[in-house]
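Novice: Protein chains in written order, with our numbering: chain A, 1 to 464; chain B, 1 to 464; chain C, 1 to 464; chain D, 1 to 464.
Treat the hints with care, since some could be wrong.
Unchecked claim - Below, computed lysine to aspartate or glutamate pairings styled on EDC-like, alpha-carbon distance capped at 20 Å:
1. A:Lys423 x A:Asp441
2. A:Lys174 x C:Glu99
3. D:Lys346 x B:Glu206
By construction, these hints were calculated from the structure, which means they are not laboratory data.
Here are the chains, one letter per residue:
4 protein chains.
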Amino acid sequence: MKHNSASISELKIAYLGGGSREWARKLMFDLTLCPELSGQVALYDIDLDAARLNEQLGNWLQDQPGVVSCWSYEAVSTLQQALNGANFVVISIQPGTLECMAQDIAIAEDYGLFFPVGDTTGTPGLVRGLRAATIYADFAREIAAVCPTAWVINYTNPLTICTRTLTRVEPRLKVFGCCHEVYAVQRMLAGLVNRYLQQPTPPRDEIKINVLGINHFTWIDRAFYQDHDLLAVLRDHIAQPDVLRSYTRAEVESWADWFRSADQVKFELFRRFGILAAAGDRHLVEFLPGFIRSPEELFRWGVIRTPVAWRIARWQAAPQKAHDLMAGRTPLTLTSTGEEGVAQIKALLGLGDLITNVNIENQGQVATLCVPLHAVVETNAHFSRDAVRPIAAGALPTGVQSLIARHVTNQELIIEAALTCDKDLAFQAVFNDPTNRLPLDEAWAMFNRLLGASREYLPGWNID
Amino acid sequence: MKHNSASISELKIAYLGGGSREWARKLMFDLTLCPELSGQVALYDIDLDAARLNEQLGNWLQDQPGVVSCWSYEAVSTLQQALNGANFVVISIQPGTLECMAQDIAIAEDYGLFFPVGDTTGTPGLVRGLRAATIYADFAREIAAVCPTAWVINYTNPLTICTRTLTRVEPRLKVFGCCHEVYAVQRMLAGLVNRYLQQPTPPRDEIKINVLGINHFTWIDRAFYQDHDLLAVLRDHIAQPDVLRSYTRAEVESWADWFRSADQVKFELFRRFGILAAAGDRHLVEFLPGFIRSPEELFRWGVIRTPVAWRIARWQAAPQKAHDLMAGRTPLTLTSTGEEGVAQIKALLGLGDLITNVNIENQGQVATLCVPLHAVVETNAHFSRDAVRPIAAGALPTGVQSLIARHVTNQELIIEAALTCDKDLAFQAVFNDPTNRLPLDEAWAMFNRLLGASREYLPGWNID
Amino acid sequence: MKHNSASISELKIAYLGGGSREWARKLMFDLTLCPELSGQVALYDIDLDAARLNEQLGNWLQDQPGVVSCWSYEAVSTLQQALNGANFVVISIQPGTLECMAQDIAIAEDYGLFFPVGDTTGTPGLVRGLRAATIYADFAREIAAVCPTAWVINYTNPLTICTRTLTRVEPRLKVFGCCHEVYAVQRMLAGLVNRYLQQPTPPRDEIKINVLGINHFTWIDRAFYQDHDLLAVLRDHIAQPDVLRSYTRAEVESWADWFRSADQVKFELFRRFGILAAAGDRHLVEFLPGFIRSPEELFRWGVIRTPVAWRIARWQAAPQKAHDLMAGRTPLTLTSTGEEGVAQIKALLGLGDLITNVNIENQGQVATLCVPLHAVVETNAHFSRDAVRPIAAGALPTGVQSLIARHVTNQELIIEAALTCDKDLAFQAVFNDPTNRLPLDEAWAMFNRLLGASREYLPGWNID
Amino acid sequence: MKHNSASISELKIAYLGGGSREWARKLMFDLTLCPELSGQVALYDIDLDAARLNEQLGNWLQDQPGVVSCWSYEAVSTLQQALNGANFVVISIQPGTLECMAQDIAIAEDYGLFFPVGDTTGTPGLVRGLRAATIYADFAREIAAVCPTAWVINYTNPLTICTRTLTRVEPRLKVFGCCHEVYAVQRMLAGLVNRYLQQPTPPRDEIKINVLGINHFTWIDRAFYQDHDLLAVLRDHIAQPDVLRSYTRAEVESWADWFRSADQVKFELFRRFGILAAAGDRHLVEFLPGFIRSPEELFRWGVIRTPVAWRIARWQAAPQKAHDLMAGRTPLTLTSTGEEGVAQIKALLGLGDLITNVNIENQGQVATLCVPLHAVVETNAHFSRDAVRPIAAGALPTGVQSLIARHVTNQELIIEAALTCDKDLAFQAVFNDPTNRLPLDEAWAMFNRLLGASREYLPGWNID
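Full structure from sequences and hints, please.
Specialist: In structure tokens form, the structure reads like this:
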């Protein structure tokens, strides 16, 4: 790495999950638009072909018009090669396969638990967490051995478990986890500005919020546009007739958008808890009791389950998209992706401070007794030269603390279980999950079927 | 109060709920057998006739053979009269009526939640807690005004909420809550001594245990008879064929004992969490997800629901029992009741130290991050002259901490709600309860019906 | 207050200590240069004439060339008038008189304790703290009654005690304390850049530091200029011959600057504790054992005692300076004072975020067990619309925690003592101060003489 | 070890410092009088001859009239031999030599610090702590390797540092430290009963106290004899004329008792802090600023410095005493020594519970924020079968917390320094000690001379 007056060259980024169709490509695009940085990206993936395709795509990008930086991409076949000399390590992987994810969700459905996403919490998310923590424990040890001073940026879900595993195993690693989930709520609030305040819809980053909680279950206790208190506006909004209402299956299925939701869960939570949840309803229902008991219940709240089959199809179609782009069959549009990874990297290199929300170990930024120090939480933080320092976000209301606390404990249990191959600990997390509706013996049976389906990603486990 | 060399006279005990058919009479009997103490008991009850009957019974007792102490009883018509000059305040009341309790349970059943007891936690227990905390807040203020240095002993359920309300409202009161629930587990363990160690069944108090948790949800992480590790014995026990098994409705109903249980929940918890729950299964299922979803599920685990109708009948029959006793139609047998109230009073008066389990504010005796200081917990404590000092009981396993933590928070929420008439806070506790299986809107509907049924015990509340 | 698109008008600032010769005038000057803000400043002072002079000066300023804002000044005769409708409250007062301060220091000298400043800690600082906390308790109650949502900015020393008293008495007030003490250390480090890195001396705000501790006893555990680790440079610096050395009285007295110091204490602390103290040596020796035992010892370390007589003379000369300015006998130069008050006010009004060091209640930003939550500490914080949120600054080394902890406790004791007129508590702080070299009886005698001298500022105290 | 119905045989006790003239012999005597226990004691000492003399004495004792138990003694030449199969490990050693101790004290005197004892805190105690922690770290590792489930009882000073080092190095060891220092205060209070309450002086154990703090710096916040509040009596006592007074050198030297003190420091502390220190004044002055500045100051308070020369003479005379006893030249009197070691051992073996004061890791028994968890503190504890559980002792007044906190931190610093050979950390403890009156450079010089004198007990240290 070489510091010049206002730019850095010879930077090395190790990308674990370098065959990623989504996050890796977003990073490539944002790097092309950043004149202050140049260097190389090493792409490591257990699917080497996928990494090679990204290598090809990345290097092709360099020659396109509008590119203002200079980066080279190389697919590498070992983790060590990727990490060697890295200044940053970016991780976005699939912990197991999409088929594995399909199994996680299908088995839970056999027991009457219907998860719309299945990658963060609840039975499928926790078992996915076991697989992920197993893989991340290796990453942690390898990074500590090869590039211990590199900054590690995690995008993989379950984001909290992945991020926390790295410092649980190697406490000195410099780690944070990133997620853009809160953007959608900012956009919803921006819409209220237009609807109720007779102003043009502002860009989402002009909606000033205080965020605190855990990833996909963060909360907003303060939201302003200029001098306008948007939580007060929201309170009026949900009191309008027809804002709170039921949905039907037909209505929800007509959306033809697997990621859309109707905010009904969010609004109802706001009524009863007085604070705004900052994730999509598809995620929210997975953190709460009562909602996932049937597909009909979910439809009633305007929540649709994203089919894993659709994810698989999207995944399979992705290489062709890359080929189409490089062959000129699809036009290339170089614009910022809206992600903040490159801005964060710049700030950590001393090229200007940044304040944004991020997932890191709790040092008191969430002043909530039930969230222990070291658990990974999401709040705003101050990024500056070689430092990410969380900004105190205050305390959550007691009722919300309780909603969060059990998930924090479950995440810690899953990591502990993964590191010690302890089936009982992992089961305790599954049983304690608020979506669980089963008595001990049935929950145990379900859990064992899930473990069986993940067998090959849980080496060292004693699985029947 | 007058201290003599090894005895105390002119003691005054205020009994709130002085018409109590159970606890008040137990105290009377145990006082007759305690030669070191004499004085008066003031019986206060909103049912003055019930208090007068106990006055009559207590004074009659004084003249019976075998009585070794000198006590006078007086029913009084105001709280102030009872408290005036009191050295001890004993409280055992019905927060609301038994009909109220019947409603609590019946409404929850309409929503598919079947509570075997309904006096401690879960929807009925929490709403009962609202009523109780409202009453106890008055008690607290009155005691602080009239006899601020008296020791207060609480027996009413929900025991944690009642006990905690007193110091939440008046932090300087000297308060503890008593419960004999753990005795049954000691007796179960004593049975194992006989079955597996070829020894006569020892008395329960020779089973040495370390207890920690919250009332009706305490846990035993160490149990010894002499040098024998009884948790190891238990581990072998449940591995025997036929120990873990299903029950049928017919089998359970044949017991003809509304308080019996089969320990199946306790054993299954022990298998999965590695620690022994110290309350009856009827209570345990009310603290956990999954078990109370149907009467059949409960029967399967050998758990029966105690009918409130039976409680009402028992209550109505109680005065006749007193009259029969005084008229000589039933023989009087003066033996210790096995309760520890009088022993605790003696220790607090400086007549010999005592170690026993008790419910008091957490000062660190439960070394569990999720249980905040000041929440009321149950562990062993050292009783000595004018002091109850808890003994450090160590930490619970993480998975059990999580089971307990949500109840602790809910108890605190209920008390806060009762003190501020805050419907939302109370609802949050109901929604967050692990037995809750309902989405927000249905839980809210159930909660409102319950509030409606308790309307007259919730003055100042805005109930539709 | 009126929000326009990018400016605020009709702002009201209450200035307590509005006759202040230093801080009030700095604020006036900086306000003239801030085009985004306009409004009125109410000047309240127990010396009404001094406030009137500032009123005259402030209003005269408005008509001078170069002024880009519109402010009016008014001296008011009651605290209520000043606070009425205020959006901001700025406080800089003399707690007692300068003669009082002279006594504080002189009495301590009679007992062999020689304080160079005497306004922050040690016997004189703690007794000054008693006077200040008494006055600030009144301020707190009045602000809470009249303008409870105003932001309060404190400049008075002892800064920690003053700032903390406000929220100790009225926990909901929005308060912070400001001090520029760390600037000098940044300038010292900027000098090292020039001396060792062959670069022009950078401006102080390009020296990036992490500051943590308590006011006048903050510490820097990280200091960078661009990519250069300045603590490493400092380590080399003090290893140069002649950097660490003794001073003589003659040498120190020749400086003719009552605020200068030689950094010898700071450098020696850095050698032994491995972390850089961020205040002038004159303050540092007052927080430590061993240095203030004689004037000679202080001279040896290059520390001079600022004579209070000089402060009195400066105070007396100040009105003439104002008159000279207004009469045109002294030319007016309108430039920024380098203070951050106006920038902070702008950020709190939503006109752009700001990160700077500030003194506020500890919410975990100092991750040091010995510093309890709510004690006032100094770290960086993020100023945004109606919020000051501290940024996590990490933990201090254990040895430094211990140096700080006793001062934090003493500050809390002094406030508690002031609020309850408790002589014993206040004495305990004096006895526990690390500069104390006296056994209990002599310390008690000294303390009583000091109380006697402050008698008229300690109403309600029982002083012999 | 063999459990019989009410006794234990084949017990093994490892005695480290088995040549001890004081503690080892007390244990031998108390064991002879305990009919429930029998077994062997392995005596290990770096002075093997001293251990052999104790072996001889112990075995000789077995044949004396009045002995009711059966024990055999053996001096062993390696630590491993001693620990092999041990159920209990008792440690009382001299960390360094008495000559070393003489040096510690003499060097501090050269710098104007006059320590009456010099074995616990202050410069000599902290340097002694460095030597001790170095030795105890080895003990910890060896015990963990050879007899990890044995209970370890420590008597060596500095007691807190020694006890804490064992669990700091091996957290699973079962350890406590014992000291009888508080007995003297109980006896002083018993004297007040006689003087003011017209009753015969009661035995010390009828003075019921609540003790909390750290060893040799514990405090009593509650003391009763029957119903009499002895702190109230003490308050009256010190208000009597002539109770508080100065002493002269001649008066103090006339006592001809090196351990006596006049309680003047204790009484003056009680006046100013409202709580009774529970150690002798000789120890107290070593924990406080101001008293040890000169021999005259100490005499004034009635404190004498115990000459190490006298300790050396006593040590040299001890073997002869043993020989005299065995040869019948001195009569043998078999009575309890008043120490509680054997009673503690019995309780830990399940032969009856015991409550007594003891030094163990803080689990919250001292509810004082400044005393971190895991630091070793002294309070009452409940001894039962294989468990020592501390009893909650409440919080100290803030002013006393502060007095204690700096010592707790210093003890932790010394242990950390010993384990890492870190000269700076150890120096920080010396500089931070409240008795320190020296600026950084002089304190550093003193510290280095002390290290030099301990050179041979600090292997691995870089000492000039």
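Novice: Please go over all the hints and tell whether each is borne out by the structure.
Specialist: Hints versus structure:
1. With a CA separation close to 14 Å, the supplied pair lysine 423 of chain A and aspartate 441 of chain A stays within the 20 Å bound.
2. Simply put, lysine 174 of chain A and glutamate 99 of chain C have alpha-carbon atoms about 54 Å apart, too far for the 20 Å limit, and the pair is violated.
3. Among the hinted pairs, lysine 346 of chain D with glutamate 206 of chain B is consistent with the structure: their alpha-carbon atoms are about 17 Å apart, no more than 20 Å.
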